[in-house]
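Going down the list, the protein sequences come from chains A and B. Counting in my numbering, the first sequence tops out at residue 349, every number present. Counting in my numbering, the second sequence tops out at residue 314, every number present.
Watch out, some of these pointers could steer you wrong.
[What the hints assert, rightly or not] Label pairs and their calculated CB-CB ranges: (1) Arg-228/B to Lys-8/A: 58 to 64 Å; (2) Phe-312/B to Tyr-303/A: 53 to 59 Å; (3) Ser-81/A to Arg-228/B: 46 to 52 Å; (4) Asp-181/B to Asp-252/A: 34 to 40 Å; (5) Asn-305/B to Asp-252/A: 41 to 47 Å.
Treat the hints as calculated values from the structure; they're not laboratory data. Using N, Cα and C, we set each Cβ at its ideal position, and we do this for glycine too.
Each chain, letter by letter, is given below.
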Amino acid sequence: MKFKLDKKDFENFLKDLMETYDLFAPVQLTEGVSVFKKIDKPEEVNLTQLVPQKSAKEVFFPQSETMFRYEMSENQSPIVSEQKIGRERVLLGARPCDIEAIFIVEKVFIGEDYTDVYFLEKRKKTTIITLACNHPLTTCFCSSTGGGPFRKDGSDLFMIDLGESYLVELLTEKGLAFSKNRFFKEAGSKEIRLVKELEEKAAKKTDSSIPVEGIEKRLDLMVESPFWDRIHEKCIGCGTCTFLCPTCHCFDITDEATNQKGERVRNWDSCLFPIYSLETSGHNPRPTGRERTRQRLMHKFNYYPKNFGRVACVGCGRCILYCPVQFDVREAILYTSSRRTEGRKGKFK
Amino acid sequence: MIQQKLREKAKELLSSKTVDLIIGYGSWTLPLRTTPVFIRAPEGVESLVWNSFCENNLTTYLHKFSRLKVGVVVKGCDARSVTALGLEKRFPNHRPLLIGIPCQRMVDRKKVKKAVKGEILQAVEQGELLLVKGEDFNVTLKREDFLYSVCQVCTHRTPLHADVLIGDPVEESPLVDLHPDVKALEGKSPEERWEFFQKEISRCIRCYACREACPMCYCSECFVDSSRPRWIEKSLSPSDLAFYHIVRAYHQTGRCTGCGACERACPMDIRLTHLTQKLNQEVKGLYGFETGIQPETLPPLSTFNPEDEQEFIK
Chain A
1 MKFKLDKKDF ENFLKDLMET YDLFAPVQLT EGVSVFKKID KPEEVNLTQL
51 VPQKSAKEVF FPQSETMFRY EMSENQSPIV SEQKIGRERV LLGARPCDIE
101 AIFIVEKVFI GEDYTDVYFL EKRKKTTIIT LACNHPLTTC FCSSTGGGPF
151 RKDGSDLFMI DLGESYLVEL LTEKGLAFSK NRFFKEAGSK EIRLVKELEE
201 KAAKKTDSSI PVEGIEKRLD LMVESPFWDR IHEKCIGCGT CTFLCPTCHC
251 FDITDEATNQ KGERVRNWDS CLFPIYSLET SGHNPRPTGR ERTRQRLMHK
301 FNYYPKNFGR VACVGCGRCI LYCPVQFDVR EAILYTSSRR TEGRKGKFK
Chain B
1 MIQQKLREKA KELLSSKTVD LIIGYGSWTL PLRTTPVFIR APEGVESLVW
51 NSFCENNLTT YLHKFSRLKV GVVVKGCDAR SVTALGLEKR FPNHRPLLIG
101 IPCQRMVDRK KVKKAVKGEI LQAVEQGELL LVKGEDFNVT LKREDFLYSV
151 CQVCTHRTPL HADVLIGDPV EESPLVDLHP DVKALEGKSP EERWEFFQKE
201 ISRCIRCYAC REACPMCYCS ECFVDSSRPR WIEKSLSPSD LAFYHIVRAY
251 HQTGRCTGCG ACERACPMDI RLTHLTQKLN QEVKGLYGFE TGIQPETLPP
301 LSTFNPEDEQ EFIK
């Protein structure tokens, strides 16, 4: 089911939406810096930055999340869970790569043996309105990792920017709940044709040449490769790439407490931090950047694929764009492949 | 040409085994950027580049390679970091060999990005001009208008105490104690300044890129990572964010060279140097001290002198 939504109606569309749902969308914090946040006013929504620094992962798995609170008292129940979120949610304006990433994280959080109730609650109650990428960046390589700038999988509604309007496609039951929306107009053949053009143009722009297929097998043979001795050298060991990555999902649980009350909080953690793997004895099994960089890449391209059948990378390019020293994950992937030889040989030597 | 001379010198240093490793800048995949390169073989020097995009302070890597004889490419600010680190006895084995290049001041890639609409596909320097290309634009910008704010107030562009100097010393700019933006903030009320600070740090994601990019942040255990005692929580509460940033700045007092590596590394564009620049000015005013200039003078907060200002003792 396809509709047209005029841009002049967009703010009112959001306003309507916010009466029923809590709306999460990209917000610009300062020029060039965007994150996904709960929207208070429709005009805050800013869809101009293709890949906001923080990904849509944060809507389901926030950087810092209170799991429960407790207070010592005689008459009350001492523990109050923060599991329930209240109203239904809409995630709007995330790109196909971020949506794909949510399903990668979901496989870890909602599994056969274990279900993370905090993640599940948010997933169940969220309707996803994805925005297609008409202008992928040169750092985008979603087409290499199984995605694409117009990939609809996982979306409940799918939006395409047509200039003066959006074409909105309703894809699931959650999406069909919008079929009677007062701002949706019938989409004509002109719009459908334009979509096709945009899709073809965008597909040509994303890099589909990064050799991701079979990488887990190649890495199996590289555990002790001299490659790791060199590739980590320029990494300064900050957590930027892991925190901005839409698929990284490690966390650390701490109690933040005063005398009588406190809360249990989980915060994102990064395998690039030395204390991530530091043991109580003082021993650190990943003592240098070599082991930590290897862990980051092996988790994405070896351990995760072995467990879940696909790489834990969606080609969004955030780790390339925002790395302070330009560590480029594409080069690392290329290195594992024999195809690296043409013009790329020697980069890590 | 500086780049060619740099390659020749690097080759000579490696061939003669004067150094085991050269840390310099190489070109890489994104426009307006360079990337740190680590060269061990003389034939590797061809990857060295020099241009206005050599923004990283490479001396932060010296901690990682303390067992090797390292030659490092330094700008004026980076050279000061090495002098400051030497005073803190960070080079017990081999003092690094400084390959100094008088700095033309670096181009702020974020400022350039803001000046155009759309993705930048290519950026080329041509003298004092920057030719910037994208899919739908092709503009010529004046390099001078797009310099990093810390570079605009730099007064030590020619590296001091360099072992090798490539290129001629440049005429240093006249002294400006604070960048106009910092000066403007200084003139505001304490409430307004606190509001500015809170707003900036509210974007912090605690990735610690600022800490890791800084050559002066080398503690084997940073106070934020200590679990016994636990000085700070790990969440994003305003008080924890403020605590981290204030302590980081205080730990830099009298040690910061003002290179701006922290701010350039920040993925969230937090204007970190507003705080450090002001602290540097205070230290200069109170003690006449500038970090990394005199290789024998200890930083004022690392030493005691009976003639020090004592006004704070009542």
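Hints, verified against the model:
At about 59 Å, the beta-carbon gap between Arg-228/B and Lys-8/A stays in the expected band of 58 to 64 Å. Distance hint check for Phe-312/B and Tyr-303/A: the Cβ-Cβ separation is about 56 Å, which falls inside the suggested range of 53 to 59 Å. Take Ser-81/A and Arg-228/B: their Cβ atoms lie about 29 Å apart, and the range 46 to 52 Å is violated. Roughly 36 Å separates the CB atoms of Asp-181/B and Asp-252/A, a value that falls within the hinted 34 to 40 Å.
Between Asn-305/B and Asp-252/A the C-beta distance comes to about 44 Å, which sits within the given range of 41 to 47 Å.
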